[in-house]
Structure formats: structure tokens, C-alpha cells
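Asker: From first to last, the protein sequence lines are chains A and B. For the first sequence, the numbering used here gives the first residue as 1, with consecutive numbering after it. For the second sequence, the numbering used here gives the first residue as 406, with consecutive numbering after it.
Note that these hints are calculated values from the structure, not bench results. Watch out, some of these pointers could steer you wrong.
Which stretches of chain B does chain A cover? Using the computed rule of at least three CB atoms under 8 Å from a CB of chain A, they are [said to hold, decoys possible]: (1) 465-472; (2) 558-568.
Just a sample of chain B residues kept apart from chain A, beta carbon distances all over 12 Å, derived [claimed, not checked]: (3) Asn416; (4) Ser446; (5) Glu459; (6) Lys475; (7) Arg484; (8) Gln539; (9) Pro555.
Ranges between beta-carbon positions, derived for each pair [claimed, not checked]: (10) A:Arg381 x B:Thr431: 55 to 65 Å; (11) A:Ile157 x B:Asp558: 35 to 45 Å; (12) A:Arg381 x B:Leu413: 46 to 56 Å; (13) A:Glu279 x B:Leu474: 42 to 52 Å; (14) B:Asp412 x A:Glu279: 35 to 45 Å; (15) A:Ala278 x B:Arg535: 19 to 29 Å; (16) B:Gly456 x A:Arg139: 25 to 35 Å; (17) A:Gly96 x B:Asp558: 25 to 35 Å; (18) B:Leu428 x A:Ala278: 56 to 66 Å.
Ideal Cβ placement from N, Cα and C applies to all residues, glycine included.
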Amino acid sequence: MTTGRVRVVVATTEGPAEIRRITAEDPSLRSVICLAGTSQALPISNAYDAFVRAPTGMIERAVGHPAFRVDVDRPIGDGESWQLGLYLAHRLKAAGRLAEDGAPADGVLWATGRVDHDGRIGSVGRIDVKLRRSGESWRPEAAPVLAIVPVADREQIEEGAAPAGFELLPVDQVDMVIQHLGLGIPRPVRAGPPWRFVGGLAAAGVVAIVLVLSPADVGIEPPPAVEAPLPASTRVASPPTAAFEPMALRLALEEKHAQTSDAGCAGAGTLAAVEPGAETVAGVCALRWSVANTGAVSAHVWLYAVVEGAFREYASRTRSSGYAAGRLEPGAVASVTVAPPSWLRRAATVRAILVVAAGERPQIDQVFTDIDLASADDLDRKVAGLIDLGVHVVDRRHRLIPSLR
Amino acid sequence: MSVGWRDLGANGQALAEAVYTALDRTAELRTAGGDDEAPPSSSTLWAWVMGGAETRDRLAATWRRYPALKDDVAALLDRAAVASLPRVAAAATEDAVARRIGTGAAIRLLPSRATPDQTYVVITLDDPDRTPGQLIAVTGDDLVVQRLDPPVDGTIQVLTETASDLVRALADAETRVWLL
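Kindly produce the complete structure, drawing on both the sequences and the hints.
Answerer: Rendered as C-alpha cells:
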């Protein structure tokens, strides 16, 4: 099942719930799960939203967007066993391989399992009941059906419980399934280039840097491949040919703390890698957003970061923003640095927008041409337009708390 | 000159309550005595607002007969509401209203990208600790009531049909909205 479109069903004790469609919604919305195209939001929608939205949620970290609507053809009740199926469906969707709206599928994925923050798959129980109900009420279009179950629950599956045509795959990490599906595992990246702060405020307009970087330019070693262990009983597909993989472009964030409260960002300071969106301590004078190409092929990236806030209204002749765009070779890193005005004492929100495509896209260049004049609402609209173009878009916000002196 | 409730002082508030009760009882007695010309009492109006679809039909019929009673209901809702959102200024909108801002809350209407004939109603509360249970919109002579789920981080999100009474009411600049 390393190529082709895959249909995903979430195993429930009432029968399998097919994921009919996943749609990226406006980033300001909370994610919902709806019943078959209706406006009936299922009660698990709040839990699903928490599972999506960073920093706690898994989906935004994996696919870079914080709000989705998922349509399923059958209600999914309480519990957390839907998490694995939804996670895999999002990864397939991001790779353009999710069979939606009844489109023909080359394979069927049947999944049940909890997924924790680190991608570990936890026990859910009642798998025998779910398998039996699937055998009674469901005739999959393609065989075999790959049934993903938690390793911890393997013992409770009785001999012969799985319906004919089911191939069981017990797993304890989502990466094992991701590799099995040929989606590729993002590889670890060494720390980026030495910090070089180009601080202060950019003049009106965007500071654009076109980057065509190689590993040597930025001091990044080609990352080693990661091989996750698979159960002996699993058929392992041969690795797919290297192809453009948007998920291999990883956005990272570092906060710079001034060495002393008087030094501002001009001094050496200290750097700390943080999770975008996480609560951090005060005293931050600048943020550096980086995008690293951990994949095997080059990609085209557009990275924009801007300090949002009311002060923009009365400091409109200055902009705290950064922009980088260009081709990014495997192993290379591009970054932009933004800092709020030195006189700002209140917390500010810094927004980063990363767009990834296989090659140059003049339409995307056009979106960024006047982005520094855009209001927050304008940015929302631009992000929506970029998503509609079908490219990989990451839209993140991080709260920066400056020195409180 | 109008005087605020808090400006009345203890004696003034007691007097106002007595006058209100007397007027309310008088209206109820007139109605009970078969006086067809008597408007319903405030208590009856409130019961109709909080009642089901049938009582809201009676309310609409009463408003058509006694338009001034709409202001009475508005005053009652103002007193009880967690948040109130006034009519949208005519100059502020050319088409359907997509955003309303009031005292205690703001409301946005966002069409679903997945299903364009459905719309998200997003209510953002100024005080995230408040938990309104229903939205009441008065549009023309009609009253629209929407049950609300508990807020999450100060936000309530309702997904509904774009053609629903709720969305039509919220998109109308003349509509007044309360969260109770």
C-alpha cells in the first residue's frame, strides 16, 4: 500500500465509519467532525479539535494547518480510538492519497488506536467487537484491508476474529504505519546555522531574500535515514522512489533572549528552540523562524513572518517582518528573523506563513508581493487562497513576551 | 432624561419594583378579564420569549399588533443577557452582515469551505468565564432562538445551514441579538 489512493475507515463497535472527506477550514475555526455532509457536528468534535491544534495536537504539527472539517458516514462515539484513523487520514490527505467522496481506492485502511503526543499508539480495547461488527456490516471494495491495531491489544484478538481479507498490522508507533504506507518519515535535522541577528525594524515594505542554498552553505549535514522496526509478521514494501514530499519541509522556531535587559537584541544573547505556540518565558527580543528541507529532493519555499498587533496601526511606517523565498536543496535551511519594536512592552503575536511547492509558482509569488501591507484579516484571506491553490501551507502563531522592565 | 438602575438607590429601586409589579399585574388582570385590547403583561411576554415555537408565534402576532412591545422585550433581554449585540449601522455594511460586535461578545459568520451551503457562527465572548446557554435574535417580527453548547476558551461555534433562520437573522443588519 505504498502508492495509490487509500480509503480510511475508523473502527467502532457499531461498525466502520468511513472518512468521506477532509477539508481545510478557516484557521480561526475549531475543527469539527460532521455526519455525511450535514451540519450535524459529532460530540467528539471538541476532542478532535484538541487533537488537531498545536501545540498539544498532532495534526497541525504534522500537516501545518490548524482547522479542518471531517465528514464521516457513521457516528463515532466517545473514546479516543478514532485518533489513529484520523491521523493516518490526514497524512494521506496531505500526500494527496486519501480516497474521498467515494472515489475509487487502491487499498483500504481499517484503524483503531489512541495516539499520544509522541506518536505512540495506545491500547483501546474491544477490538474483537470492532472486527466482528466490520465483518457483519461492511463489504470493503478492495482487499486486503490493512487493519492497524495497537500492539498492546494484540493479545485480545482471538484466532479467526478478523474477517476474511483482513491483514492485521499491530503497531506501537504511528511512524511504523507511515513508513508502511510509503509516506516517508521526516528525518531529524541538525541545528541550523549559527545565529546571526539582523535586528531592528525593516523599512516599509518587505525585505525579500531569495535563497538557493546547498548543505555546504548553511552547515547542515545530510540527515541520516531513519529505519523504524516493523513487526516480523508485516510485509514490508520496498522504499518508494524519492519524490517531492511537502511534509519533509519542517518549520522550526527559536527565541532570542537579550543578554541583559539593557542590551536589546544587539548583543550576543541566548537562543532557545521552542515549540511554536507554546507558552514561554518573558524577555524575548527576537524570533527566528527556519524551514529545513529534510527530504531527498529540492523544494520551493516561501517563508514570511510578521509581528502582529495594534502597534502596527500607529507605527505604520515601519514593519517588523521578514521574507525569504526560493529553492531549498535537501539538507538546506532558510530562515527569517523578526523582532518587535524595542519600545514594545506588551506581549505580541508573531505569525509565520510557510508555503511549500515542488517548483516555482508565479501565483504564490503574487500572493506575497504586497503581503507586508496586509491586515490580519487580509493575511487570513491570503492563507485561504494559498490553501485553495493546493500547495502545502503552514500557518503558525507564537506569542512573544518582551522584556518586562 | 433617563436614569440608570444603579442610580436609583435602594429606595428608588424598591419603588421601581413596586410600580413594575403593579403595572404587570394590571395588564394580567385586564387580559384575564376578557379585555381584547389589553396588551400582554411583561411576565407573559417573557414567558413567550422563553417558550417554544408556538409561544413565539403568539409573540410575533402580538408584536404586529403592539409594535412598542418589541422595545419592552428588548429591555427585558438587555437586563438578563450575558451579552447583547445591537443593530449593525447601515453605513457599515452593503451586503449581508458577516461580523457583529456588541457588549460582551462578537459574532462572525464564516461560510464552510467544505460545504458552501453551510455556515459557521462563531461567538467570541469577552469574558471566557461566562457561559450563555442560548442565543436570541429579534429580526422584524420574528424571534430566533438557538441553543448554545458550552464555550471552549471563550468561543462558541455553531455549524448550520446558510439558509437557516439563524444565519438569515444574523446576516440582517436590522437584527438585534442577545446571549442568555
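Asker: Please go over all the hints and tell whether each is borne out by the structure.
Answerer: Against the structure, the hints:
no.	hint	verdict
1	465-472	violated (count 0)
2	558-568	holds (count 5)
3	Asn416	45 Å, holds
4	Ser446	38 Å, holds
5	Glu459	25 Å, holds
6	Lys475	30 Å, holds
7	Arg484	31 Å, holds
8	Gln539	17 Å, holds
9	Pro555	9 Å, violated
10	A:Arg381 x B:Thr431: 55 to 65 Å	56 Å, holds
11	A:Ile157 x B:Asp558: 35 to 45 Å	39 Å, holds
12	A:Arg381 x B:Leu413: 46 to 56 Å	49 Å, holds
13	A:Glu279 x B:Leu474: 42 to 52 Å	51 Å, holds
14	B:Asp412 x A:Glu279: 35 to 45 Å	43 Å, holds
15	A:Ala278 x B:Arg535: 19 to 29 Å	27 Å, holds
16	B:Gly456 x A:Arg139: 25 to 35 Å	49 Å, violated
17	A:Gly96 x B:Asp558: 25 to 35 Å	33 Å, holds
18	B:Leu428 x A:Ala278: 56 to 66 Å	58 Å, holds
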